[in-house]
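Novice: These are the residues of each chain, in order.
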Amino acid sequence: MESLGVLLLHPMDAYLEQELARRCRLLRFCWDAPPDRRDAFLRAHAGSVRAVVTGGVAGAGAALIDALPRLEIVACFSVGFDRVDLARCRERGVRVTNTPGVLTDDVADLAVGLAIAVLRRIPQADGYVRAGQWKAKGDFTLTTRFSGKRVGIIGLGRIGLAIARRVEAFGCPVSYYQRTKRDYPNYTFFPTVVELAATSDVLVVACSLNEQSRRIVSREVIDALGPGGVLVNIGRGGHVDEPELVAALAEGRLGGAGLDVFEDEPEVPEALVALDNVVLAPHMGSGTRETRRAMADVVLGNLEAHVSGKPLLTPVV
Amino acid sequence: MAMASAVAGAAGGKPKPALLLLSRVDAAFSAALRARFRVRDFYASAAPLPAFLAAAAAAAATAEDPQAPRAVLVAGGGAILVDEAFLDAAPSLRCVVTTSAGVDHVDLAECKSRGVAVAGAGTVYSADVADHAVGLLIDVLRRVTAADRYVRQGLWPVRGDYPLGSKLGGKRVGIIGLGSIGSLIAKRLEAFGCVVSYHSRSPKASAPYRYFPDVHDLAADSDVLVVACALSDATRRIVGRRALDALGTGGVVVNVARGGNVDERELVAALQEGRIAGAGLDVFEDEPHVPPELMAMDNVVLTGHEAAFTEDSIADLRELMIGNLEAFFTGKPLLTPVLHP
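One line per chain: the protein sequences are U and D, in this order. Heads up: the first sequence runs through residues 1 to 317, numbered per our numbering. Heads up: the second sequence runs through residues 1 to 341, numbered per our numbering.
Everything labelled a hint here was simulated from the structure, so no lab data went into it. None of these values were measured; they are calculated from a predicted model. Yeah, the Cβ is synthetic: ideal placement off N, Cα and C, and Gly gets one too. Accuracy of the hints is not assured; some may be wrong.
Listed next, the stretches of chain D that the computed footprint assigns to chain U, with coverage defined by at least 3 CB atoms under 8 angstroms from CB atoms of chain U [stated by the list, open to error]: (1) 286 to 295; (2) 301 to 315.
Derived pair list, reagent style DMTMM-like, types lysine to aspartate or glutamate, alpha-carbon separation capped at 25 angstroms [stated by the list, open to error]: (3) D:K187 - D:D217; (4) D:K171 - U:E168; (5) U:K135 - D:D298; (6) D:K16 - D:E319; (7) U:K135 - D:E293; (8) D:K171 - U:E290; (9) D:K204 - D:D104; (10) U:K135 - D:E287; (11) U:K181 - U:E220; (12) D:K171 - U:D297; (13) U:K135 - D:E311; (14) D:K187 - U:E290; (15) U:K310 - U:E17; (16) U:K137 - D:E311; (17) U:K135 - D:D263; (18) U:K135 - D:D26; (19) D:K187 - U:E168; (20) U:K137 - D:D298; (21) D:K187 - D:D312; (22) D:K171 - D:D223; (23) U:K135 - D:E266; (24) D:K14 - D:D65; (25) D:K16 - D:E326; (26) U:K137 - D:E285; (27) U:K137 - D:E293; (28) U:K135 - D:E285; (29) D:K171 - D:E266; (30) D:K332 - D:D65; (31) U:K135 - D:D286; (32) U:K137 - D:E287; (33) U:K137 - D:D26; (34) D:K187 - D:D223; (35) U:K137 - D:D312; (36) U:K137 - D:D286; (37) D:K16 - D:D88; (38) D:K204 - U:E168; (39) D:K204 - D:D217; (40) U:K181 - U:D82.
With the hints as constraints, model all of the structure from the sequences given.
Specialist: Okay, structure coming up:
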């Protein structure tokens, strides 16, 4: 695909960038430049960009798509594509791909790791030791057991199922909500998120972000989860009413939260940083060397397939 | 008459049995004990142990006197040893209940020869210790605590994404000690796609994992070593220079057993020199002292000997201890007896 003009929207992975540079005609977007310089860049290169490689948070909006008349494919270095204007892509006949499957295990691992970290207060305990408090003040507080806790999963797709299998090994009963009920012998279906939250000790957001799931974790859901409940979000910041979440945590109406995603990354509300019943992660659900390499290969594989007229590996549109 | 009514239960029924209490207990536990037993509390008395035991023995007319304490609730850890001298000083004892899983502080042979039954904490702590071990492992490989610090320090907008961690799936995990804790760790890690092997004194027939008779061979074949064995002469410093070298660069050590199971100086050196990649440690050789070199490292996670202690395990322990004592005093089999091997 040496003649394929690829616009890399922002730095995302050294191996991916190196392979794109080697195998395609790579253009690196001036992501951090002021708007007029970005527009000028797009105008200057509009004629040669046939592919865009973007990340989950950056996406590809209508303005970008419209600025690239020769655009044929948007390849996302993420499984989420909520920030890609799919309607505009469909109108223009632009293909869209993502990276499902290869990151399922890592995201599920982090979801469970966050749940244990919150209930067992591992980062806080580590801070206690590093601050010399174990010597000065004695033992840390008692924490809360994870094994056997009722886990409610919003969205039992690839990632949701992977989380379910992991927590089952801890004796956690699993319940779920999603738009359609399936027949899972070991998992209990709830027709609303509020009912799911009311019967869960740990509520995990594992669905994709779309019109129906935006702010699916509402004030009502947070209240139902309650002072003993813990929210784990490895989906999108947009799944949660963030101001409500922050208020509930600060006021003790919600017991705790493990958050890998936020409404306005990389900004994290100051009020969250002040709390010690939360664990905060910088959107690293797929952040391992092994998985990012596999994701890069999916992006490259999709571009190759497109150029050779073969079926795309992981098409969204 | 006055004495009989003083020792009678609240309902005016049978007198409560006498119990020696040689463990610090929280308010809930204390209340539960006092509701059922006549408690002689060592930590509430100013007397040293021999005097305390002598006073308890003297309060009874004979060893069969209902005032004579027939059971003792003792903590683990070795501050108090239930040995020959102890048993001589408390001749009416017929049951020792310890709040610990380990019974190193109880002379089982002496107890057996005197007809003193022993009960321990059984598996009350096992799930929480196993969960903590898994939590530490995920934390080290996926940098959870270090990344939480990064976000709280405001570095995400400034420095961008946090450095990549390492995937759990496919990692070879070598568990040292496949008792109740080690087995629970194994079961959990399999669900994450880890490949589990183990070393213990002898292979467990029912364990579906590969057994290594030599811990160094286990280390050589592992990406992660999880220490989950009891501390004994055989396991002291079982993870030493040789095991660390065999584990190699990229290797991670998780210790939820005892600080004494690991050669701490060698571990610190291996981490400082990058000869292993990281460690999750709940226990240390000289608690609460933690080597200062570790405090500065981002690739280690440190917790203060708390893997066993959740509100749930403390509540379970209370129920189990009282259950054992009530079983003893009503002539029923102990719930979690410890037998002399």
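Novice: If a hint holds in the structure, say so; if it doesn't, say that too.
Specialist: Results of checking the hints against the structure:
no.: 1; hint: 286 to 295; verdict: holds (count 5)
no.: 2; hint: 301 to 315; verdict: holds (count 12)
no.: 3; hint: D:K187 - D:D217; verdict: holds (22 angstroms)
no.: 4; hint: D:K171 - U:E168; verdict: holds (20 angstroms)
no.: 5; hint: U:K135 - D:D298; verdict: holds (21 angstroms)
no.: 6; hint: D:K16 - D:E319; verdict: holds (18 angstroms)
no.: 7; hint: U:K135 - D:E293; verdict: holds (16 angstroms)
no.: 8; hint: D:K171 - U:E290; verdict: holds (12 angstroms)
no.: 9; hint: D:K204 - D:D104; verdict: holds (23 angstroms)
no.: 10; hint: U:K135 - D:E287; verdict: holds (8 angstroms)
no.: 11; hint: U:K181 - U:E220; verdict: holds (22 angstroms)
no.: 12; hint: D:K171 - U:D297; verdict: holds (21 angstroms)
no.: 13; hint: U:K135 - D:E311; verdict: holds (22 angstroms)
no.: 14; hint: D:K187 - U:E290; verdict: holds (24 angstroms)
no.: 15; hint: U:K310 - U:E17; verdict: holds (23 angstroms)
no.: 16; hint: U:K137 - D:E311; verdict: holds (19 angstroms)
no.: 17; hint: U:K135 - D:D263; verdict: holds (21 angstroms)
no.: 18; hint: U:K135 - D:D26; verdict: holds (21 angstroms)
no.: 19; hint: D:K187 - U:E168; verdict: holds (10 angstroms)
no.: 20; hint: U:K137 - D:D298; verdict: holds (24 angstroms)
no.: 21; hint: D:K187 - D:D312; verdict: holds (21 angstroms)
no.: 22; hint: D:K171 - D:D223; verdict: holds (6 angstroms)
no.: 23; hint: U:K135 - D:E266; verdict: holds (23 angstroms)
no.: 24; hint: D:K14 - D:D65; verdict: holds (14 angstroms)
no.: 25; hint: D:K16 - D:E326; verdict: holds (11 angstroms)
no.: 26; hint: U:K137 - D:E285; verdict: holds (19 angstroms)
no.: 27; hint: U:K137 - D:E293; verdict: holds (21 angstroms)
no.: 28; hint: U:K135 - D:E285; verdict: holds (14 angstroms)
no.: 29; hint: D:K171 - D:E266; verdict: holds (24 angstroms)
no.: 30; hint: D:K332 - D:D65; verdict: holds (20 angstroms)
no.: 31; hint: U:K135 - D:D286; verdict: holds (11 angstroms)
no.: 32; hint: U:K137 - D:E287; verdict: holds (13 angstroms)
no.: 33; hint: U:K137 - D:D26; verdict: holds (18 angstroms)
no.: 34; hint: D:K187 - D:D223; verdict: holds (17 angstroms)
no.: 35; hint: U:K137 - D:D312; verdict: holds (23 angstroms)
no.: 36; hint: U:K137 - D:D286; verdict: holds (16 angstroms)
no.: 37; hint: D:K16 - D:D88; verdict: holds (24 angstroms)
no.: 38; hint: D:K204 - U:E168; verdict: holds (24 angstroms)
no.: 39; hint: D:K204 - D:D217; verdict: holds (18 angstroms)
no.: 40; hint: U:K181 - U:D82; verdict: holds (23 angstroms)
Hint violations for this structure: none, all hints satisfied.
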